[in-house]
Amino acid sequence: MSGHGHEIKPTVTMCCWIWAALMALLVLTYVVGMYVDAGAGNFAIAFAIAMTKATIIILFFMHIYYSSPLVRMWAGSGFFFLLILIGLTLCDVRTRDLHYETDVPEYPAPAEDAPARHEGDPSGNPMPAHGK
Amino acid sequence: MVDQGFSWFPEQASSFAAHVDYLYFFLIVISTLVALGILVFVVYFSVKYRRGSAADRTVSHNHMVHMAIEVTWIAIPFFILMGVFVWSAAIFYELETPPVDAMEVAVIGKQWMWKFQHPSGRREINELHVPLGRSVKLKMISEDVIHDVYVPAFRMKHDVLPGQFTYEWFRATQPGEYYLFCAEYCGTDHSLMKGRVFVLDPGEYEEWLKTTAPQDPPAVAGGKLFDSHSCANCHKDPGVEAKGPSLVGLFGKRVKLDGGRTQVADEAYLRESILRPATKVVAGYKPIMPPSEGLVSEEELNDLIAYLKSLGGPGESEAKP
Amino acid sequence: MTAHADSKLSYLTSTRTISSWLLTLDHKRIGILYLLTITVFFAIGGIAASMIRLELATPVGDFLQSETYNKTFTLHGVMMIFFFLIPSIPAVLGNFLVPLMIGARDLAFPRLNLFSWYLLIVGASFTVWAVLWGGVDTGWTFYVPYSSVYSNTLVMPAAMGIFITGFSSILTGLNFIVTIHRMRAPGLTWFRLPLFIWAIYATSLLQVLATPVVAVTILLVFMERFMGFAIFDPKNGGDPVLFQHLFWFYSHPAVYIMILPGMGVIPEIIACFSRKRPFGYEFIGFSSFAIAIYGTVVWGHHMFVAGQSAYAATVFSLLSYLVALPSAVKVFNWTATMHKGQISFETPMLYALGFIGLFTIGGLTGLFLGSPGLDVHMHDTYFVVAHFHYVMVGGMVMAYLGGIHFWWPKITGRMYPDGWARLSAILIFVGFNFTFFPQFILGYLGMPRRYHVYEEPFQVLNVMSSAGASVLALGYAFPLTYLLWSLKYGAVAPANPWGAKGLEWTVPSPPTTMNFDTIPIVTEEAYNYEESPFEGPLAPEKVPSHTVALPHASH
Amino acid sequence: MSEHESLHGVTHPPGPLAHQFEDIEQQHEAGELGMWLFLATEVLFFGGLFCAYTLYRSQAEEAFELASHHLNLPLGTFNTAILLSSSLTMALAVNAALRSQQKKLVQMLIGTIVFGTAFLVVKYFEWSADYEEHLVPLMGWHFEWEDPTTAPGARMFFNLYFFMTGLHALHMVIGLFFLLLYTWWAHKGHLLGINGQPVHLLGLYWHFVDIVWVFLYPFLYLVGTRAG
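Protein sequence lines correspond, in order, to chains A, B, C and D. Numbering-wise, our numbering puts 10 at position 10 of the first sequence, and it's gapless, one number per residue. Numbering-wise, our numbering puts 126 at position 126 of the second sequence, and it's gapless, one number per residue. Numbering-wise, our numbering puts 375 at position 375 of the third sequence, and it's gapless, one number per residue. Numbering-wise, our numbering puts 42 at position 42 of the fourth sequence, and it's gapless, one number per residue.
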């Protein structure tokens with residue numbers, strides 16, 4: 001919204017380009033979500049793309065690129081406090097059942113020493129609700 | 001001690017009570033010094049520089065001196081605080097890590113009463129008899145809201161959560177009868193949810209145990225439950241082909257889960273796998289075990305877990321922690 | 001909308017109709033509306049407090065049943081925290097003084113300001129209705145699963161009241177931040193601002209950024225209680241400790257929202273009555289920001305014994321010790337301000353000295369509770385109750401009363417009887433210490449809080465505490481009477497009765513509706529008391545010439 | 001949205017300069033800072049939910065993945081496209097307002113309303129489809145999940161899904177209300193040139209609601225991969 005005298009930023013063409021970029025990123029997210037199996041990496045990619053989309057919208061559509069450092073600070077403050085909330089809460093939750101003993105023996109994994117149970121299991125289908 | 005009348009200071013009846021009190025006295029000394037220091041300065045300035053008094057008031061705006069003063073009264077408190085932090089963290093770890101050989105008492109908090117169960121199977125309501133000089137570890141869980149087992153004389157307190165085991169431990173060093181309070185607000189009769197802890201000499205404790213009809217220790221009761229719930233259909237001895245992982249020697253071991261994660265088979269894992277099996281499935285098996293949420297009471301769960309812990313592996317010692 | 005009232009008349013007398021008060025956009029009138037409202041809430045909370053202390057005089061529950069006692073302490077907690085302490089200095093003194101101190105005609109969003117007051121009224125009516133209709137017995141902390149599943153009292157109306165009042169706090173904070181940034185008089189740089197403005201700005205930062213989290217937490221409890229949305233219910237994989245994380249993420253900054261404005265009033269009073277520029281102005285200013293920022297990372301020390309992991313408890317303990325430093329810096333700087341000053345002991349100065357003493361004890365006992373080793377023994381005992389009453393009542397209420405007495409001539413144009421005022425200040429100080437110091441000892445003895453019936457050995461200290469409470473209640477009754485009396489019979493106050501520095505003292509008292517005829521241009525540093533020694537006390541006509549360069553004398 | 005000056009009369013927005021501001025520049029900066037502060041509170045308002053989501057997802061990863069696969073990904077993606085387009089039309093509306101192009105302003109505002117309503121309609125279909133499959137664990141409705149072992153985790157996922165998207169939809173409705181009000185004012189010839197500030201503020205709010213959906217989309221629809 002900056003500038004009363006000179007050209008109003010962002011111009012119409014800039015807006016359309018930004019829109020196109022957002023659409024491209026959306027298609028990319030969809031494709032990655034549907035066809036790429038990267039395990040945990042999938043969510044990381046989707047989140048990274050979402051971050052870029054959000055940054056583009058904040059910078060240009062919400063004029064942060066053109067606004068004063070004060071407004072930028074307050075725009076970032078919300079996200080900063082959110083990071084503190086999520087970070088310290090996870091720092092508690094993920095360390096709750098942390099085991100400090102180092103020498104914890106391995107539980108013998110059934111797959112190695114027993115015949116291939118997984119496939120050769122005749123029943124295969126889930127047991128009836130209560131195997132009485 | 002109960003019914004001993006007014007006293008200014010709680011007695012120290014557990015092994016770490018003294019450690020907590022030393023930090024308490026240290027902080028009292030530090031706080032009194034700081035508070036007195038401020039009081040002295042305030043009174044001195046008020047008297048010396050009261051309006052109209054003849055006193056030298058030439059103010060030297062020496063910025064360096066001001067900065068030096070500020071830095072000192074930030075640095076000194078900082079180092080004192082760091083020292084106190086390290087000391088209190090040390091005490092906290094002592095409180096948080098029960099010794100390996102502790103005698104385990106199962107505690108179940110229920111709206112406005114306490115249920116205790118000794119390793120021998122003996123059950124008590126609102127009263128806990130413990131032997132002198134032996135570490136006792138309380139494995140606690142609540143059936144409804146959040147409660148809190150608090151024994152002031154032992155300086156011991158920990159919340160009791162619904163759905164999650166919490167632990168605390170003490171080693172009584174002084175025989176007698178002590179208060180046990182519920183310290184987390186839990187409803188109408190929160191203030192009546194009280195109990196007593198009786199510290200007996202080891203000999204007296206043994207006789208006390210025998211004063212009632214012998215009950216099955218939790219492991220045996222757990223075995224009966226294991227059969228009655230037909231868990232043996234899937235969980236057989238190691239090496240035998242079965243739909244579920246063998247449970248012999250499972251407790252205390254690190255288990256590989258589906259999807260590559262690993263999990264130490266502690267009591268929380270056992271409890272969660274009984275109630276909601278699918279949250280952590282052992283690698284190589286399918287999540288086909290039916291959940292028993294709401295079908296198994298807290299006492300039965302404690303017995304089942306005690307039974308699983310008693311299934312030491314071949315050549316394993318009896319119950320691991 | 002009040003038509004632009006005659007600019008010469010004071011804001012109190014410019015229009016007299018009820019609607020001109022209830023629909024006012026003048027920040028000063030809204031400040032008065034807040035003053036009246038929170039005085040009523042303080043009275044309700046105070047009655048609940050006296051019932052609690054009466055009940056605890058005897059170990060047996062003879063005065064109140066356990067059900068009523070639980071509702072009484074919940075009422076005391078909710079009323080005092082959400083409806084008195086949080087709005088007190090920001091909404092009353094902040095609303096009145098921020099535009100005056102920074103040389104503006106009004107806040108940035110006057111309509112939003114009035115809307116905030118109505119939000120407080122609507123929120124309060126929800127909670128008062130809940131109390132009259134049956135009361136709520138979950139404690140002001142609303143811990144799950146008791147508040148969401150097991151309590152069958154009116155939890156939701158009370159929680160909805162707090163939800164709505166939370167938005168009043170958010171919008172007030174938002175209003176102040178924009179006003180302080182955008183509407184300062186020319187020449188008024190940050191380092192020429194009064195320290196009260198620094199503290200109000202830091203408080204507003206916390207109000208804006210912490211309150212929304214409790215809003216969403218209350219919504220979650222509402223959904224769990226009514227919509228079967230079992231987010232905290234352990235049977236469905238939920239985690240009650242998550243509620244405590246979300247709740248305390250707001251509630252610890254909330255205790256800083258309550259104390260920071262008090263820390264803004266105290267340097268004003270001490271600088272004025274020591275006739276001296278505050279020692280370490282920048283340190284006091286920036287320590288307000290440090291408290292605001294650090295205040296958001298320490299909430300875990302409320303949960304040391306609540307099933308939090310030992311690792312997280314150690315992290316939060318370290319951070320909690322760091323948050324103690326800025327408060328220490330502030331107290332040391334205030335004390336050093338009195339060095340080589342011209343110290344006089346009018347009532348505001350007595351309240352300020354009382355604040356320093358009681359807040360120091362409150363802050364130091366916070367160090368006890370910040371250490372996990374000790375907190376295991378002291379959590380949820382009367383040690384905690386004594387700690388936060390020393391900080392809230394000893395700190396915040398003393399600062400609030402000090403601020404009310406300091407700016408009373410400016411707000412109402414009347415002087416209060418100084419003799420009575422000093423007596424009540426001392427009475428409050430003595431009654432307070434009698435009430436809450438025994439509770440420290442009770443706490444370490446192991447008396448849990450929120451107990452309706454307690455054990456025999458605790459009675460002696462409880463009786464002492466109840467006795468102190470009656471002296472304290474008497475102490476609070478005094479200001480109510482003589483301040484109301486002064487409205488009619490008090491001496492007419494000059495523009496600057498204390499010879500204080502600051503733009504608010506350059507306008508007549510009570511100020512006109514538009515505050516300043518022309519916006520002043522500030523050329524001098526803040527608090528330069530040295531350049532203009534103040535000869536006689538309280539001589540209305542011998543008010544020193546204003547050294548603030550004004551285009552022309554204001555009245 | 002109540003903090004800028006347009007609330008008091010539906011007939012016309014506020015005059016150019018409110019009494020307490022010295023000049024129009026000061027008023028605009030104050031409005032922008034005020035709106036960004038309000039958006040910071042909204043970030044934390046939704047943030048509490050994202051915190052609960054992250055916590056519960058780390059505890060029941062597999063159940064969340066199964067539940068997320070029940071959501072209609074193509075429809076969700078289409079919905080995100082609609083919302084991003086509504087952001088475009090909103091940005092063009094702000095641009096038009098500041099350049100006093102009344103006709104274009106009205107068109108763009110109406111475009112934003114159309115896209116916003118389309119988003120809510122698609123959302124309605126998604127929800128009713130979930131309701132058909134008995135996947136709505138709220139209001140005591142029966143929650144059916146074929147695999148009993150992952151039922152608690154799935155129930156928690158759908159709790160969060162309906163609460164987050166419901167809260168987002170509520171913010172969309174509030175946004176649409178102000179969009180209608182502004183279209184009416186733009187039609188009457190207000191909100192142009194120097195008075196275009198309120199359109200800019202509404203644009204900030206609308207883009208923020210879009211950003212919340214930009215994060216909700218991967219969090220809810222793309223848990224794990226659907227390739228396997």
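Read the hints as simulated data drawn from the structure, not as lab findings. Possibly wrong hints are sitting among the right ones.
To be verified - The list that follows gives simulated cross-link-like pairs (lysine to aspartate or glutamate, DMTMM-like), each with its CA atoms no further than 25 Å apart:
{"no.": "1", "chain 1": "B", "residue 1": "Lys-48", "chain 2": "C", "residue 2": "Asp-62"}
{"no.": "2", "chain 1": "B", "residue 1": "Lys-137", "chain 2": "A", "residue 2": "Glu-7"}
{"no.": "3", "chain 1": "C", "residue 1": "Lys-235", "chain 2": "B", "residue 2": "Asp-258"}
{"no.": "4", "chain 1": "C", "residue 1": "Lys-235", "chain 2": "B", "residue 2": "Glu-272"}
{"no.": "5", "chain 1": "B", "residue 1": "Lys-243", "chain 2": "A", "residue 2": "Glu-106"}
{"no.": "6", "chain 1": "A", "residue 1": "Lys-9", "chain 2": "D", "residue 2": "Glu-126"}
{"no.": "7", "chain 1": "B", "residue 1": "Lys-139", "chain 2": "A", "residue 2": "Asp-97"}
{"no.": "8", "chain 1": "C", "residue 1": "Lys-235", "chain 2": "B", "residue 2": "Glu-300"}
{"no.": "9", "chain 1": "B", "residue 1": "Lys-110", "chain 2": "B", "residue 2": "Asp-258"}
{"no.": "10", "chain 1": "B", "residue 1": "Lys-286", "chain 2": "D", "residue 2": "Glu-146"}
{"no.": "11", "chain 1": "D", "residue 1": "Lys-103", "chain 2": "A", "residue 2": "Glu-7"}
{"no.": "12", "chain 1": "B", "residue 1": "Lys-236", "chain 2": "B", "residue 2": "Asp-189"}
{"no.": "13", "chain 1": "C", "residue 1": "Lys-235", "chain 2": "D", "residue 2": "Glu-144"}
{"no.": "14", "chain 1": "B", "residue 1": "Lys-236", "chain 2": "A", "residue 2": "Glu-106"}
{"no.": "15", "chain 1": "A", "residue 1": "Lys-9", "chain 2": "D", "residue 2": "Glu-146"}
{"no.": "16", "chain 1": "B", "residue 1": "Lys-280", "chain 2": "D", "residue 2": "Glu-144"}
{"no.": "17", "chain 1": "B", "residue 1": "Lys-280", "chain 2": "A", "residue 2": "Glu-7"}
{"no.": "18", "chain 1": "C", "residue 1": "Lys-235", "chain 2": "B", "residue 2": "Asp-101"}
{"no.": "19", "chain 1": "B", "residue 1": "Lys-253", "chain 2": "A", "residue 2": "Glu-106"}
{"no.": "20", "chain 1": "B", "residue 1": "Lys-286", "chain 2": "D", "residue 2": "Glu-144"}
{"no.": "21", "chain 1": "B", "residue 1": "Lys-253", "chain 2": "A", "residue 2": "Asp-37"}
{"no.": "22", "chain 1": "C", "residue 1": "Lys-235", "chain 2": "D", "residue 2": "Glu-146"}
{"no.": "23", "chain 1": "B", "residue 1": "Lys-243", "chain 2": "D", "residue 2": "Asp-147"}
{"no.": "24", "chain 1": "C", "residue 1": "Lys-235", "chain 2": "B", "residue 2": "Glu-293"}
{"no.": "25", "chain 1": "C", "residue 1": "Lys-235", "chain 2": "D", "residue 2": "Asp-147"}
Unchecked claim - Here are a few chain D residues that sit away from chain C, every Cβ distance over 10 Å (derived from the structure):
{"no.": "26", "residue": "Leu-17"}
{"no.": "27", "residue": "Leu-49"}
{"no.": "28", "residue": "His-70"}
{"no.": "29", "residue": "Gln-102"}
{"no.": "30", "residue": "Lys-123"}
{"no.": "31", "residue": "Phe-177"}
Stated by the list, open to error - Listed below are several chain C residues computed to face chain A (Cβ distance under 7 Å; list not exhaustive):
{"no.": "32", "residue": "Phe-249"}
{"no.": "33", "residue": "Ser-251"}
{"no.": "34", "residue": "Thr-296"}
{"no.": "35", "residue": "Val-297"}
{"no.": "36", "residue": "Ser-309"}
{"no.": "37", "residue": "Tyr-311"}
For each residue, glycine too, the CB sits at the ideal point set by N, CA and C.
Here is what the structure says about each hint:
Distance check on the hinted pair: Lys-48 (chain B) and Asp-62 (chain C) sit about 53 Å apart at the alpha-carbon level, beyond 25 Å; violated. About 74 Å separates the Cα atoms of Lys-137 (chain B) and Glu-7 (chain A), which puts this hinted pair outside 25 Å; it is violated. At roughly 23 Å between alpha-carbon atoms, Lys-235 (chain C) and Asp-258 (chain B) fall within 25 Å of each other, so this suggested pair holds. For the given pair, Lys-235 (chain C) sits about 11 Å from Glu-272 (chain B) by alpha-carbon distance, which is consistent with the 25 Å threshold.
Restraint check: the Cα-Cα separation between Lys-243 (chain B) and Glu-106 (chain A) comes to about 21 Å, which is no more than 25 Å; the hinted pair holds. Between the alpha carbons of Lys-9 (chain A) and Glu-126 (chain D) the distance comes to roughly 37 Å, so the proposed pair goes past 25 Å and is violated. Annotation: proposed proximity of Lys-139 (chain B) to Asp-97 (chain A) holds, straight-line Cα distance about 15 Å (limit 25 Å). Distance hint between Lys-235 (chain C) and Glu-300 (chain B) is fulfilled; the C-alpha atoms sit about 17 Å from each other, no more than 25 Å.
At roughly 36 Å between alpha-carbon atoms, Lys-110 (chain B) and Asp-258 (chain B) are farther apart than 25 Å, so this suggested pair is violated. Proposed proximity of Lys-286 (chain B) and Glu-146 (chain D) is supported: the alpha carbons are some 15 Å apart, at most 25 Å. Restraint check for Lys-103 (chain D) and Glu-7 (chain A): the C-alpha separation of about 19 Å stays at or below 25 Å, so the hint holds. Of the supplied pair hints, the one linking Lys-236 (chain B) and Asp-189 (chain B) is violated, its CA atoms being roughly 46 Å apart against a limit of 25 Å.
With a C-alpha separation of about 17 Å, the suggested pairing of Lys-235 (chain C) with Glu-144 (chain D) holds against the 25 Å cut-off. The straight-line distance between the Cα atoms of Lys-236 (chain B) and Glu-106 (chain A) is roughly 19 Å, inside the 25 Å bound, and the hint therefore holds. Restraint check for Lys-9 (chain A) and Glu-146 (chain D): not satisfied, since their Cα atoms lie roughly 54 Å apart, outside the 25 Å limit. Straight-line distance between C-alpha atoms of Lys-280 (chain B) and Glu-144 (chain D) comes to about 21 Å, which keeps the hinted pair within the 25 Å bound.
Between Lys-280 (chain B) and Glu-7 (chain A), the direct Cα distance comes to roughly 60 Å. Violation of the 25 Å bound is thereby established for this hinted pair. Proposed proximity of Lys-235 (chain C) and Asp-101 (chain B) is contradicted: the alpha carbons are some 32 Å apart, above 25 Å. Distance check on the hinted pair: Lys-253 (chain B) and Glu-106 (chain A) sit about 6 Å apart at the alpha-carbon level, within 25 Å; holds. The straight-line distance between the Cα atoms of Lys-286 (chain B) and Glu-144 (chain D) is roughly 21 Å, inside the 25 Å bound, and the hint therefore holds.
This hinted pair does not check out: Lys-253 (chain B) and Asp-37 (chain A) have alpha carbons roughly 32 Å apart, beyond 25 Å. For the hint pairing Lys-235 (chain C) with Glu-146 (chain D), the CA-to-CA distance comes to about 19 Å; that is within 25 Å, so the pair holds. For the suggested pair Lys-243 (chain B) and Asp-147 (chain D), the alpha carbons sit about 17 Å apart, so the restraint of at most 25 Å is met. The straight-line distance between the Cα atoms of Lys-235 (chain C) and Glu-293 (chain B) is roughly 7 Å, inside the 25 Å bound, and the hint therefore holds.
Of the supplied pair hints, the one linking Lys-235 (chain C) and Asp-147 (chain D) holds, its CA atoms being roughly 17 Å apart against a limit of 25 Å. With a cut of 10 Å on Cβ distances, Leu-17 (chain D) stays outside the contact zone with chain C, its closest approach being about 12 Å. The beta carbon of Leu-49 (chain D) is not kept farther than 10 Å from every beta carbon of chain C, the shortest such distance being approximately 6 Å. No beta-carbon of chain C comes within 10 Å of the beta-carbon of His-70 (chain D); the shortest separation is about 18 Å.
Look at Gln-102 (chain D): its CB is around 27 Å from the nearest CB on chain C, clear of 10 Å, so calling it non-interface holds up. Listed as a non-interface residue, Lys-123 (chain D) keeps its Cβ farther than 10 Å from every Cβ of chain C; the least gap is roughly 18 Å. Phe-177 (chain D), annotated as away from the interface, keeps every beta carbon of chain C farther than 10 Å; the closest lies near 17 Å. Checking Phe-249 (chain C) against chain A: minimum C-beta separation of about 5 Å stays under 7 Å; hint holds.
The beta carbon of Ser-251 (chain C) comes no nearer than 13 Å to any beta carbon in chain A, farther than 7 Å, and the hint placing it at the interface is violated. Evaluation of the Thr-296 (chain C) hint against chain A yields a held restraint, the C-beta minimum of about 6 Å falling below 7 Å. Among the interface hints, the one on Val-297 (chain C) holds; its C-beta lies about 6 Å from the nearest C-beta in chain A, closer than the 7 Å criterion. Taken as an interface hint, Ser-309 (chain C) checks out: its beta carbon lies about 4 Å from the nearest beta carbon of chain A, inside 7 Å.
Annotation: Tyr-311 (chain C) was flagged as interfacial toward chain A, and the flag holds, the nearest CB pair being 4 Å apart, inside 7 Å.
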